[in-house]
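Position chain B against the provided structure of chain A, taking the given hints into account.
Chain order of the listed sequences is A and B.
At position 369 of the first sequence (counting the first as 1) the number is 369 in the UniProt record's numbering, and the numbers step up by one without a gap.
At position 9 of the second sequence (counting the first as 1) the number is 9 in the UniProt record's numbering, and the numbers step up by one without a gap.
Simulated from the structure, these hints should not be mistaken for lab results.
Hints should not be assumed to be uniformly reliable.
Covered stretches of chain A, going by a simulated chain B footprint (3 or more residues, C-beta under 8 Å) [what the hints assert, rightly or not]:
#1 162–172
#2 204–213
#3 469–476
We treat Cβ as the ideally placed atom computed from N, Cα and C, and that holds for glycine.
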Amino acid sequence: MAETRHTLSSRCSCFFLYDRSKVREEGDLTRAGIYYYYPEHTPLDLQELVCGQLAGVSRCVSEISVSPVRLLRLRRSKYAVRMRDDFLWALSCVNDLPDVSVCEFLDQIIDLFCFYNGSVRHSYQLHTQEELAVRWAHYLSHLQGGATELHHIFTCLTTIDYTHIDPLLLLKAALILQACQRCPLVLAGCILYRGRMVSTQMSPQLTMKVMVHERETYSLQEQKKPASGRSSLMATPHYSTTTTTVFLKPYELHTLRRPLVDNTSSCRSESPERPVKPRLLSRTLSDTPITDPSSSQLLASSPDSSLSDDASFSLCPSLASTPFRSGMASQPGEVGAAESHTHTFASEMLLFGGLAPGPGEDGEQERADVSAEYQNHSNNNHENLRALRDGEKKEEEGVEQANDIRERRSDEEEECVRVCDQHDVALEPMLLYEHRVRGLVLILLVEPGFDTHPNAKQEVYHSSMASLNGLEAHLRTIPPASEIPVVPYTFAHYDRIQNTLTTNMCGRSAGLQDRLFVKATALVHSQFSHEDMLQEAIIRSAGSALYATRTAAQETFFVQHGVPARNSGIPNSQDSAFSLPKNLPPSSNTF
Amino acid sequence: MAAKSSLLKVILLGDGGVGKSSLMNRYVSDKFDAHLFHTIGVEFLNKELEVDGRRVTLQIWDTAGQERFRSLRTPFYRGSDCCLLTFGVDDAQSFLNLGHWRKEFAYYADVKEPDSFPFIILGNKIDVVERQVTTEEVQRWCCDNGGHPYFETSAKDATNVAEAFEEAARRVLALEDRQAHVMPSDVVDLRRKPRSSSRCCL
Numbered sequence: 001m002a003e004t005r006h007t008l009s010s011r012c013s014c015f016f017l018y019d020r021s022k023v024r025e026e027g028d029l030t031r032a033g034i035y036y037y038y039p040e041h042t043p044l045d046l047q048e049l050v051c052g053q054l055a056g057v058s059r060c061v062s063e064i065s066v067s068p069v070r071l072l073r074l075r076r077s078k079y080a081v082r083m084r085d086d087f088l089w090a091l092s093c094v095n096d097l098p099d100v101s102v103c104e105f106l107d108q109i110i111d112l113f114c115f116y117n118g119s120v121r122h123s124y125q126l127h128t129q130e131e132l133a134v135r136w137a138h139y140l141s142h143l144q145g146g147a148t149e150l151h152h153i154f155t156c157l158t159t160i161d162y163t164h165i166d167p168l169l170l171l172k173a174a175l176i177l178q179a180c181q182r183c184p185l186v187l188a189g190c191i192l193y194r195g196r197m198v199s200t201q202m203s204p205q206l207t208m209k210v211m212v213h214e215r216e217t218y219s220l221q222e223q224k225k226p227a228s229g230r231s232s233l234m235a236t237p238h239y240s241t242t243t244t245t246v247f248l249k250p251y252e253l254h255t256l257r258r259p260l261v262d263n264t265s266s267c268r269s270e271s272p273e274r275p276v277k278p279r280l281l282s283r284t285l286s287d288t289p290i291t292d293p294s295s296s297q298l299l300a301s302s303p304d305s306s307l308s309d310d311a312s313f314s315l316c317p318s319l320a321s322t323p324f325r326s327g328m329a330s331q332p333g334e335v336g337a338a339e340s341h342t343h344t345f346a347s348e349m350l351l352f353g354g355l356a357p358g359p360g361e362d363g364e365q366e367r368a369d370v371s372a373e374y375q376n377h378s379n380n381n382h383e384n385l386r387a388l389r390d391g392e393k394k395e396e397e398g399v400e401q402a403n404d405i406r407e408r409r410s411d412e413e414e415e416c417v418r419v420c421d422q423h424d425v426a427l428e429p430m431l432l433y434e435h436r437v438r439g440l441v442l443i444l445l446v447e448p449g450f451d452t453h454p455n456a457k458q459e460v461y462h463s464s465m466a467s468l469n470g471l472e473a474h475l476r477t478i479p480p481a482s483e484i485p486v487v488p489y490t491f492a493h494y495d496r497i498q499n500t501l502t503t504n505m506c507g508r509s510a511g512l513q514d515r516l517f518v519k520a521t522a523l524v525h526s527q528f529s530h531e532d533m534l535q536e537a538i539i540r541s542a543g544s545a546l547y548a549t550r551t552a553a554q555e556t557f558f559v560q561h562g563v564p565a566r567n568s569g570i571p572n573s574q575d576s577a578f579s580l581p582k583n584l585p586p587s588s589n590t591f
Numbered sequence: 001m002a003a004k005s006s007l008l009k010v011i012l013l014g015d016g017g018v019g020k021s022s023l024m025n026r027y028v029s030d031k032f033d034a035h036l037f038h039t040i041g042v043e044f045l046n047k048e049l050e051v052d053g054r055r056v057t058l059q060i061w062d063t064a065g066q067e068r069f070r071s072l073r074t075p076f077y078r079g080s081d082c083c084l085l086t087f088g089v090d091d092a093q094s095f096l097n098l099g100h101w102r103k104e105f106a107y108y109a110d111v112k113e114p115d116s117f118p119f120i121i122l123g124n125k126i127d128v129v130e131r132q133v134t135t136e137e138v139q140r141w142c143c144d145n146g147g148h149p150y151f152e153t154s155a156k157d158a159t160n161v162a163e164a165f166e167e168a169a170r171r172v173l174a175l176e177d178r179q180a181h182v183m184p185s186d187v188v189d190l191r192r193k194p195r196s197s198s199r200c201c202l
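Bound conformation, chain A alone (with noise of 0.2 Å):
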């Protein structure tokens, strides 16, 4: 029973998976190639003309371009297209969506699947196609579900308001997940919160891929519940843990593996390595500063910029998540040398960041300037580890192309992608470790051997199921954040390293205002994706002008209402996209 839902919210249009090497002779029938096809109900005939059509048009395509597709645009739709090995999917999308959303969404869908399942080619000679056919639409459900349209656009995270949370809860989630992290087995672990992220060691991409399995047990509890569904205070929670098995790239294993070495380290606290520091975690707290909002907000959401000057922090395991820090945490043995260029490379990124959007060629240079030295730093690490500016270069080489090729922001990914045009990479298979509270999971990363283990499993459940039971009854008091005030403008912020959003116009019904910033984000994240060099632009009407600039980290949109517009056409600081209001929101202007 696939679920074919077609929501306002739905994003895709179209999307299948061909086998080419199904439909090699003159009388192979196209359908033969077919795997799966969305929508389900489409007449055979109209999918084999897809399906041949596009297989015929991308293969010329990469032929004469020598490269592969990433987008076939047509007169009234445009399709993302990936190849790999004999495989090649293609999605279209309803809506307006940006041409990178379209092709991040393509990839977004792919890697879930190899994630849960292994290796296509594998996964077809397993099951039947019915039984995948299942699989695709869950992912492609899960992938338009719950999310807003800006996030939709961004494809990026769901993540909990962290404006209306105390930033201590998610100290207390952080350290949740470095606690199971003691046992040698965890690799790396999340937490969620009513399927939105409240803390993670992972990158990106896995996190976006873990989060689907607790959906999928979000659900299967919600059907178990008796309708009553009164849930006090006092009345036992319902705990339950489950494991999956998932298949990493060998890349997203070797970054979480690296830093096993200082992770057996700390696991053994008679280690006689380590005798300065007793009582690593316990110092921790009670020197870091962690009575300013925003610094505490930054501890959760971004522990690599904020606890870089923490020393014993500099080893922990879960900062090796995100690239930067990998490329620091691969010096074996060199510890001090690791804290010291963590050091000037934090600096290195608040500058990085911090530029302002420099006119012309001055800013270009200091921008070139730091890039250069942060490809220094991650010069002799792997391949995905790449600066983004790296990648940026990259697809300038590429950009001549005929084939309109759009590859942006994940440069892993790019790599994966390469080569995975010649040949499925293998797949590791690894664990992925659940455990509920009501509305609260913590899920971890674990290696195979953490169900066979004697006691790993135990001791992770009972170390981590107080603070769980206590975070769970602390999330739960928190107000939804209902009461957003109202202010004069809207804004979005979009945090490409992390992968989140942040934004004032959620929970807001959406209004004729609020259509026109999401279409005019959507057309200057567009241009933003295609154009290096651009870092500001704005975006008028007769009544009202959006502001947006970007940095290599980050995107800012910015739109204020009920001003009368000020537009000399040329320009100009008088501007009314310029004005921003007296006390803008932490989130917008801390960058």
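Chain B only, in chain A's frame:
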């Protein structure tokens, strides 16, 4: 079965570092971890036990002792059936602060009659050699403050831990029995309702 056993909420209060989390962990999971970090906000665990032939589920709430976590922990005092005031026998200040904890609890838990509320005093860390608080001192304090029972415990050695929690359960059950005796269930309690509603009006 589970439906029959009643749920008793027991809360551990006391200064930071006196061993509240360790006491809970020792009692529920029989584990001791010397490297626990500070509790942030609240945490809780459930433990089923049988007291005098009655099955009860003890829900043990562990709280953060540090002042800066105050706003996080106080909302969870409400509805507690018993309060375990904890101090470290190696830390005189934590003993002197017991009075403050008692007051804070009575205020935020909205206890009507603090004098008859079941408090239990726990002097933890008796495994430590250098004591700063003598047994007599504590017993005197308990006598002066309404005759609370006192237990000297060690979460590290598992001394007296189970006994203390079982006593808590026993006290709560005894109190419930007394109240059930005083007020039969088919009588409407006129005394309590108006009080709570007048409180709302304030």
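Do the hints match the structure? See the list:
1. 162–172: Since 5 is at least three, the answer is holds.
2. 204–213: violated (count 0)
3. 469–476: holds (count 5)
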